[in-house]
Amino acid sequence: MIHRECGVLKTTYEADMALYPLPIARYTVAALGVLFFLVIPFSLHEYYLSVANLVWIAIIGALGLNILVGYTGQVSIGHGAFMSVGAYTAANLATRLDSPWPVNLLAGGLMAALIGGVVGIPSLRIKGLYLAIATLAGQLIIEWTINHVTFISGGVQASIAVPRPRLGPYVLASQRAMYYFLLFFVVVAIVGTMNLVRSRIGRAFVAIRDQDIAAEIIGINIFRYKLLAFAISSFYAGVTGVLYTYFLGIANYEQFQIGVSIDYLAMIIIGGLGSVLGSIFGAAFVTLLPILIRYAMEAFGGVFFAQATVLNLIPALRLTLFGVLIVVFLILEPEGLNRLWRNIRSYFRVWPFAY
Amino acid sequence: MRTCLTILMAVLVGVAGMLSPVAPANAQSKGEVVIGIQCDRTGATQIVGTVICPAMHDYIALVNSKGGVEGRQIKAIEIDHEYKVPPAVESYERHKKEGAVSIAVYGTPQIYALQAKLTEDRIPGTSPGFGSAAAADGIRHPYIFPIAATYWSQATAAVDFVKKQLGGNLRNKKIAYIFFDNPAGREPIEVLEDLAAKEGFQLKTFAVPPPGVEMGAQALDIAQRFRADFVIAHLFGGAPSVSIKEFKRVGYPLKKVVSLVWGAAEANIDGAGGFAVADGYYAMQFAGVGTDYPVLNEIREMYKKQGKEPPKGMASSVFYNRGVLIAALHVEAIRNALKAKPDGKITGDDVKKGFEKINNFTLGGLVPPLKVTSTDHEGGGLVQIWQVKDGKFVKVTDWYAAYQDVVAKHIKEAGAKK
Chain A
1 MIHRECGVLK TTYEADMALY PLPIARYTVA ALGVLFFLVI PFSLHEYYLS VANLVWIAII
61 GALGLNILVG YTGQVSIGHG AFMSVGAYTA ANLATRLDSP WPVNLLAGGL MAALIGGVVG
121 IPSLRIKGLY LAIATLAGQL IIEWTINHVT FISGGVQASI AVPRPRLGPY VLASQRAMYY
181 FLLFFVVVAI VGTMNLVRSR IGRAFVAIRD QDIAAEIIGI NIFRYKLLAF AISSFYAGVT
241 GVLYTYFLGI ANYEQFQIGV SIDYLAMIII GGLGSVLGSI FGAAFVTLLP ILIRYAMEAF
301 GGVFFAQATV LNLIPALRLT LFGVLIVVFL ILEPEGLNRL WRNIRSYFRV WPFAY
Chain B
1001 MRTCLTILMA VLVGVAGMLS PVAPANAQSK GEVVIGIQCD RTGATQIVGT VICPAMHDYI
1061 ALVNSKGGVE GRQIKAIEID HEYKVPPAVE SYERHKKEGA VSIAVYGTPQ IYALQAKLTE
1121 DRIPGTSPGF GSAAAADGIR HPYIFPIAAT YWSQATAAVD FVKKQLGGNL RNKKIAYIFF
1181 DNPAGREPIE VLEDLAAKEG FQLKTFAVPP PGVEMGAQAL DIAQRFRADF VIAHLFGGAP
1241 SVSIKEFKRV GYPLKKVVSL VWGAAEANID GAGGFAVADG YYAMQFAGVG TDYPVLNEIR
1301 EMYKKQGKEP PKGMASSVFY NRGVLIAALH VEAIRNALKA KPDGKITGDD VKKGFEKINN
1361 FTLGGLVPPL KVTSTDHEGG GLVQIWQVKD GKFVKVTDWY AAYQDVVAKH IKEAGAKK
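Residue numbers (the numbering used here), protein chains in the order written: chain A, 1 to 355; chain B, 1001 to 1418.
One or more hints might be untrue.
Listed next, the in silico SDA-like pairs over lysine to any residue satisfying Cα-Cα at most 25 Å (straight line) [as the list claims (entries may be wrong)]:
| hint | chain 1 | residue 1 | chain 2 | residue 2 |
| --- | --- | --- | --- | --- |
| 1 | B | Lys1341 | B | Lys1312 |
| 2 | B | Lys1308 | A | Val310 |
| 3 | B | Lys1308 | A | Leu19 |
| 4 | B | Lys1075 | B | Arg1140 |
| 5 | B | Lys1345 | B | Lys1357 |
| 6 | B | Lys1308 | A | Thr28 |
| 7 | B | Lys1312 | A | Glu298 |
| 8 | B | Lys1075 | A | Met17 |
Just so you know, these hints were derived from the structure itself, not from any lab.
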């Protein structure tokens, strides 16, 4: 994932598919593990951990959406709604049956997978923009249903308070506890996705993306794999919804409206379609950039403008800068941040002996 | 590739540059009391946010220019969240890090999302005009303060107003309730149904699906088929303007329409074509309307002394005054907290108690005479009704609340449910 040897030296398929192509890759992952599991949570203020938690949640959702959009080539504008399916499933189970969080998490994911599979049925006949509109319909129908069926939404306010997750005697409420709780699932999601995409299923997804008729001819069951892609992707979305619910302590339908679906699409497009690392980069970029821009404005804005003007300018400039930066990045590298990262890496691959 | 490298370096330097000036500011030690303000100046509700938030800063600047609260300056940290939830969570944690003792939460999904955290961290958060009516229950939601009439209280007050307009008896009258089809819009229905049974009027609800720009059919239905004796409207954003236009189009008299608080601002009237068009329209308010309050004069004085023009937002007196109200109640709560703690080291808990001591604080009529207690965080559910008349808002009723027993019953039921 991070390092590369200085040439193509592989002689077996096993070597080509290995997660750790070089020993140094293993060390890097170990170092990252130490950094994220030990150094960051113990050295940073809770505020930074809360920001990290938002990034973790976004990463899981972006990974799921990337399986569908990036790897299988099927567009979905319904992921916000799939998240709400997971969130409300978990919230209802937690409040009605008092079931523990692992059960709710799994049930939320599976329910979202089921609904996602159903919403994905049009993908068997239609593609591209048409499919986008079909999933948009799914988003709106799910939103409407949750909004109006009080059995699901738990009352006209459409919000259900959920008790904090417990781990043995510990209640996971602080940002630091949540950090570990969410990071665990991020690791599971990353490892799961990396293994999924190099398995038979993942290769089938890629074949469908590249040319679905050709894929069908070489014996891939399009029906099965397209729906599977929707189901797996929605499972991730459902889990994201459940984690979000536990993170906030409440399921509320207004947290999963169409804007959220668009945000996640933006993450994977900026990060890089069809790559695990790209999903991570995209999620981090979209979550962190507005915050960084605000800090920059607070620090340097006073140099150019009066303080009251800065207050008015920060939000407007943040939006503008955010838009401009996205455009700049996409012009620099249309394949996303992941490609940018690979370019940097391949530059250093033979550095300082570049020819 | 060289460009890539340059960009990477530039980004790294930039990030390092940004992070370094942000040393954790320990504001309390400087004697400043920190208030966190969430705002939406760029998102879905920016019409409201661009006026309310500067108003809050203006009031706090006024307090500071007069020597602060009990000798302490107030520092308001505003963070814009675009009406999205994740930035609101981030902004809350930032406020907490900066040592905020109270937080003005902005937005309904945001107050829901922060409810658990506010309670765990024991920081009071206000949500005037946002969130659920059940949060008025100070026992179940100890750190949530609606501090303004909730949608339930607004609905009961509206029915009471209609009753007076229709001659004191609602038996066999027809009341139409036209609402934005979201949780906030549907919230008052259960209370209205209760009152329909109690007062014997016929209630019919008309949902307006988001984004609320199309309601010709509903207006026609109300005017021609249902033939409502009075309309209670509960719409948001651009929808109130559309409703005024549509009622006008189908020939329904606007003096038989009363709007709850989010369809009651100058912006809504202007959007419908101006005050001349909307003549007769009744609007409910949880803060005083108009520019003629002593506190507003002081703010204008303050600007004049600095040699500046008063902000343009002051012309939009409905939203501006609401911003002043929110800021004033925070300042008042902090004043109460500082009075109770002579050493001046106040925490969120002290400010919570400060909020619960707010009693008859009116700011020259701009703020209703609220009485916030440890059980009632709404403060009595007081509203005023204003009418569009001769190109401006004219006050029709003074502060009042109605059917508070019905509201209390629903709050109790909501508490028992979970």
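Here is how each hint holds up against the structure:
1. Lys1341(B) / Lys1312(B): 38 Å, violated
2. Lys1308(B) / Val310(A): Given pair Lys1308(B), Val310(A) holds - Cα atoms ~17 Å apart, limit 25 Å.
3. Lys1308(B) / Leu19(A): 64 Å, violated
4. Lys1075(B) / Arg1140(B): 30 Å, violated
5. Lys1345(B) / Lys1357(B): 18 Å, holds
6. Lys1308(B) / Thr28(A): 58 Å, violated
7. Lys1312(B) / Glu298(A): 24 Å, holds
8. Lys1075(B) / Met17(A): 57 Å, violated
Violation of the numbered hints given earlier is confined to hints 1, 3, 4, 6 and 8; the remaining hints are satisfied by the structure.
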